[in-house]
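2 protein chains.
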Amino acid sequence: MLRIRQAVVDDIPLLLEMIVEFATFEKLLEHVTVTKESLRRDGFEGQPRFHAMILEWDDAVAGYAMTYPFYSSFAGPGLFLEDIYVRDVFRGKGIGKAVMAEVGSLALREGYWGVRWEVLNWNQRAIDFYLGLGATFVEDWKLVFIEGEALRKMANGGPQ
Amino acid sequence: MLRIRQAVVDDIPLLLEMIVEFATFEKLLEHVTVTKESLRRDGFEGQPRFHAMILEWDDAVAGYAMTYPFYSSFAGPGLFLEDIYVRDVFRGKGIGKAVMAEVGSLALREGYWGVRWEVLNWNQRAIDFYLGLGATFVEDWKLVFIEGEALRKMANGGPQ
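Chains A and B, in that order, are what the protein sequence lines are. Sequential numbering of the first sequence, starting at 0, is according to numbering that gives the first Met the number 0. Sequential numbering of the second sequence, starting at 0, is according to numbering that gives the first Met the number 0.
No lab work stands behind these hints: they were computed from the structure. Because the structure is a prediction, the values reported are computed rather than measured. Misleading hints may appear alongside valid ones.
No copy labels: a pair is met if it fits in one copy or bridges any two.
Claimed, not checked - Distance condition first, Cα-Cα at most 25 angstroms in a straight line; then the derived BS3-like pairs of lysine-lysine:
hint, residue 1, residue 2
1, K141, K26
2, K96, K26
3, K152, K92
4, K96, K141
All chains should be built: construct the whole structure from the sequences, respecting the hints.
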């Protein structure tokens, strides 16, 4: 039986463990810099920056999901699904679909126009799953970011 | 002379006018559903969902920029640059670069790991500008969203 519950402070070590698992699966482990301390500060104190859900199957932890509200200047407030992760041995039980139903319900309850997320282009199983839900894949936008030394140079008026 | 100032409630009609201009430039006008009322509620009341800047060149309004904080489960809090728009007649004056410096400074002041944004893949002038700033283009992620009837079906447990 699946149970989806809101993460609490005591779940922080578990949450970090699963973030690391998920990053390993995505071949992005070297990008994980969050810590138990930063997760506590950003998710469980003051005005939380994210909302985390723990997925339980019977007495076992089967995965997690994380969302935050975003804003579209054209369409208004929406829900960003930062992560949805189901541990390998719990796949094929309909957990992903149930979590997406929960995420969709949350968005509708909040009056958001929709839910956005991102998927790795080699993760065909995930892509097929999202297509089956009726999601739309955006083909004409590129994602861009700047960090580190390039960010500092930009803040100082551009590359010298 | 460029002046970058924080948008205030009295700027809402101007902000909406420029959002419509920008959406027209991006060939996305049919997606604009925000109103003066929703901009007020989401940007200027309670806990604002976005931060807007008005760009002025001498006594004229030259454009706007809009940001909001986002959260990466791997890297922590970052700044999302939702829009940067410089009106056509004000291009070539270094306004974009000055705004990106302001956005970068804002991110560093807040202790964010970086700035993210999106660019239309046919907007080569913008792409070249961002490359010149040292930005990284993400090639292995797809953007996905769900809205409307598909969202309602997902919230109810998936397509029937």
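Hint check:
| no. | hint | result |
| --- | --- | --- |
| 1 | K141 - K26 | both (21 angstroms within a copy, 16 angstroms between copies) |
| 2 | K96 - K26 | within (24 angstroms within a copy, 34 angstroms between copies) |
| 3 | K152 - K92 | between (49 angstroms within a copy, 19 angstroms between copies) |
| 4 | K96 - K141 | between (27 angstroms within a copy, 20 angstroms between copies) |
Violated hints: none; the structure is consistent with every hint.
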